[in-house]
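Undergrad: In order, the protein sequence lines correspond to chains A and B. Per my numbering, the first sequence starts with residue 181, numbered consecutively. Per my numbering, the second sequence starts with residue 181, numbered consecutively.
Derived from the structure by calculation, the hints contain no laboratory data. One or more hints might be untrue.
Identical copies carry no separate label here, and so any pair may be met within one copy or between two of them.
Stated by the list, open to error - Simulated crosslink set (SDA-like; lysine to any residue; CA at most 20 Å straight-line):
1) K325 <-> A221
2) K325 <-> H223
3) K499 <-> S368
4) K289 <-> R479
5) K325 <-> A218
6) K186 <-> V236
7) K325 <-> P205
8) K325 <-> D495
9) K362 <-> D374
10) K289 <-> L424
11) K289 <-> I475
12) K500 <-> L355
13) K325 <-> R378
Protein chains: 2
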Amino acid sequence: MGKRRKISEFEIIERYFAPLAAAEPGALGLIDDAAVLALDAGHRMVVTTDTLIAGVHFRPLDAPEDIAAKVLRVNLSDLAAMGAQPISYTLSAALTDAIDEDWLACFSKSLASDQIRYAITLVGGDTVATPGPLSFGVTAFGSVKEGSELRRSSAHPGDSVFVSGTIGDAALGLLALRGELKDLDAASAQFLIDRYLRPQPRIELGHRLIGQIHAAADISDGLVADLDHIAQASGVAVILEASLVPLSSAARTALSGNPALMDTVLSGGDDYELIFTSPPGAASSLALLADETGIALTRVGTVAEGNGTGVRVVDSAGKKKNISEAGYRHF
Amino acid sequence: MGKRRKISEFEIIERYFAPLAAAEPGALGLIDDAAVLALDAGHRMVVTTDTLIAGVHFRPLDAPEDIAAKVLRVNLSDLAAMGAQPISYTLSAALTDAIDEDWLACFSKSLASDQIRYAITLVGGDTVATPGPLSFGVTAFGSVKEGSELRRSSAHPGDSVFVSGTIGDAALGLLALRGELKDLDAASAQFLIDRYLRPQPRIELGHRLIGQIHAAADISDGLVADLDHIAQASGVAVILEASLVPLSSAARTALSGNPALMDTVLSGGDDYELIFTSPPGAASSLALLADETGIALTRVGTVAEGNGTGVRVVDSAGKKKNISEAGYRHF
Chain A
181 MGKRRKISEF EIIERYFAPL AAAEPGALGL IDDAAVLALD AGHRMVVTTD
231 TLIAGVHFRP LDAPEDIAAK VLRVNLSDLA AMGAQPISYT LSAALTDAID
281 EDWLACFSKS LASDQIRYAI TLVGGDTVAT PGPLSFGVTA FGSVKEGSEL
331 RRSSAHPGDS VFVSGTIGDA ALGLLALRGE LKDLDAASAQ FLIDRYLRPQ
381 PRIELGHRLI GQIHAAADIS DGLVADLDHI AQASGVAVIL EASLVPLSSA
431 ARTALSGNPA LMDTVLSGGD DYELIFTSPP GAASSLALLA DETGIALTRV
481 GTVAEGNGTG VRVVDSAGKK KNISEAGYRH F
Chain B
181 MGKRRKISEF EIIERYFAPL AAAEPGALGL IDDAAVLALD AGHRMVVTTD
231 TLIAGVHFRP LDAPEDIAAK VLRVNLSDLA AMGAQPISYT LSAALTDAID
281 EDWLACFSKS LASDQIRYAI TLVGGDTVAT PGPLSFGVTA FGSVKEGSEL
331 RRSSAHPGDS VFVSGTIGDA ALGLLALRGE LKDLDAASAQ FLIDRYLRPQ
381 PRIELGHRLI GQIHAAADIS DGLVADLDHI AQASGVAVIL EASLVPLSSA
431 ARTALSGNPA LMDTVLSGGD DYELIFTSPP GAASSLALLA DETGIALTRV
481 GTVAEGNGTG VRVVDSAGKK KNISEAGYRH F
């Protein structure tokens, strides 16, 4: 499929990326040296950047539509973790010879679809040829009212720890893609694989958590690792109760065949759910927020009233649980 | 030199990059999901991004100090071309196994030095392991008064075309590095090599050109190519007089041995000078600006009063000059 006609960097930008910037005057049609962005009075610009590399963060033969969604959404998830409303993004594409126009058409169509979904536009970027591997860097911009952004460093002793959605699906999905969950039914496997390939950044939820919670992060490196980031940044110790971690029906099915996969659930990454700590009195307003957004919010632990920093994982009897931290690989 | 001890992504950020973000509270110590940037009232945020890849944009064995300077400064040059004052930047580093702590120490020390030089701070980024090649993506942020930014699309028929500094040094420097200028004296070769390795973004000049000129760009792809970007964006035809193009003493020495190198001067990139068009009456104020900044501003052509778009290169007799556009490669 697809001719390998050589297309120049300028043609690629004109044909596939400039249309993604057409709605934003500040993008200057991608023909200028830089973009010019405005910011509402009393607001701050929230900026995050993530580079994804074939063979490290995605599989080289993943569909271009899925790669585009992942590259963009992992950055939007960082904005969600700050409570910011996404505005725009830049894209740096390092393309190998294997990338043809069919591939670029699918990739840019997927970006166009996500631009509508998340009300954002492309405002800049560059396209370069690389001997490999294929890689993409996105810098995403969001807006937040001055002083209201969510941070990792503000967990308080006595806080409850909550997560959104279900945990571990993406890491199990990656195992399914690798053919390591052979006994799992096809529908469950497909659900988990979709969760791995198509993150759902919790933007609306993050924004509505402003003022209700203390500290927040998104779960990209893994539940325990990202909770540890909050613990270290806040200088607190956190107890994570493994038995409280919310699982999807598909994940429960996978674990029923192999309970040892619970370590994968706890240490695997790529879920792009939110993890946050909230004061004791927030439970009822969080329950209401879960109802209104349709996203489950589940208490999974407590910020300890004591010394030390870090995460202690315990079982339902309160006994310390050692989990194998083999180190999650995104791919 | 240099132990190859494996250092984690988090250790790299903590040890080498977080100190570069210490002066900017909005960087949140690089421990959060994103940075939070402010913008002065009545101003716009100018955003540019460029990725540089070993073997494409720099030579894999270039000194880490030089790679750091280039990665940062090519982005600052884009801000200069918009007339923006630099504020901050994010850095995405894709590091190979060959990068050890000595290398990172030199690289970050060079960034620290440029942060002082250009009054900017690091505000975010990510560090990932790659099977190769080494690559860096910078997104740079600047500030410009609303509506005052310089653009490529505003050249008018009758404008004069000016360039800053001297042209072709970087492309000749690359030839010198490759050993292709064997007859050139060592001092001239070193001057040209420095111009290739260490761009000098024209930030002060760009800022002071606001209100005085019509269209501007920086020269990264080459004199003719970047002038063509202005011509295409503005929908005008431009006459470039090759004999007016300002040359450094070192470049003149190189050309005296091989006049055919003039094509390299005209089509070579990486000079990071500014090229701009100005109304006929601006010559004396530009002469004053050149005096005050110590940067030569030389008239090299005219925006034509006629049909068509693009660049026509002519010799001193006004006769069309064909230049071999072999396509400049940054490395």
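Undergrad: Indicate, hint by hint, whether the structure satisfies it.
TA: Hint-by-hint comparison with the structure:
With identical chains, the CA atoms of K325 and A221 are at most 20 Å apart both within one copy (9 Å) and between copies (15 Å). In this assembly of identical chains, the alpha carbons of K325 and H223 lie at most 20 Å apart whether taken from the same copy (4 Å) or from different copies (17 Å). In the homo-oligomer, the alpha carbons of K499 and S368 never lie at most 20 Å apart, since the shortest distance is 31 Å inside one protomer and 72 Å across protomers. For a Cα distance limit of 20 Å, the shortest separation of K289 from R479 qualifies neither inside one copy, at 38 Å, nor across copies, at 44 Å.
In this assembly of identical chains, K325 and A218 lie within 20 Å of each other by CA distance both inside one copy and across copies; the values are 14 Å within and 11 Å between. For the identical chains of this complex, K186 and V236 are inter-copy neighbours only, at 17 Å across copies versus 27 Å inside a copy, given an alpha-carbon limit of 20 Å. Taking the shortest alpha-carbon separations for K325 and P205, only the inter-copy value of 16 Å comes in at or below 20 Å, while the best intra-copy value is 23 Å. In this assembly of identical chains, K325 and D495 lie within 20 Å of each other by CA distance neither inside one copy nor across copies; the values are 40 Å within and 58 Å between.
Taking the shortest alpha-carbon separations for K362 and D374, only the intra-copy value of 17 Å comes in at or below 20 Å, while the best inter-copy value is 59 Å. In this homomeric assembly, K289 and L424 never come within 20 Å of each other (Cα to Cα): the closest approach is 39 Å inside a single copy and 46 Å across copies. In the homo-oligomer, the alpha carbons of K289 and I475 never lie at most 20 Å apart, since the shortest distance is 28 Å inside one protomer and 46 Å across protomers. Taking identical chains as interchangeable, the C-alpha atoms of K500 and L355 are never at most 20 Å apart, the minima being 26 Å within one chain and 64 Å between chains.
When the C-alpha separation of K325 and R378 is checked against a cutoff of 20 Å, the pair qualifies neither within a copy, at 29 Å, nor between copies, at 39 Å.
Taken one by one, the earlier hints fail for this structure at numbers 3, 4, 8, 10, 11, 12, 13, listed in ascending order.
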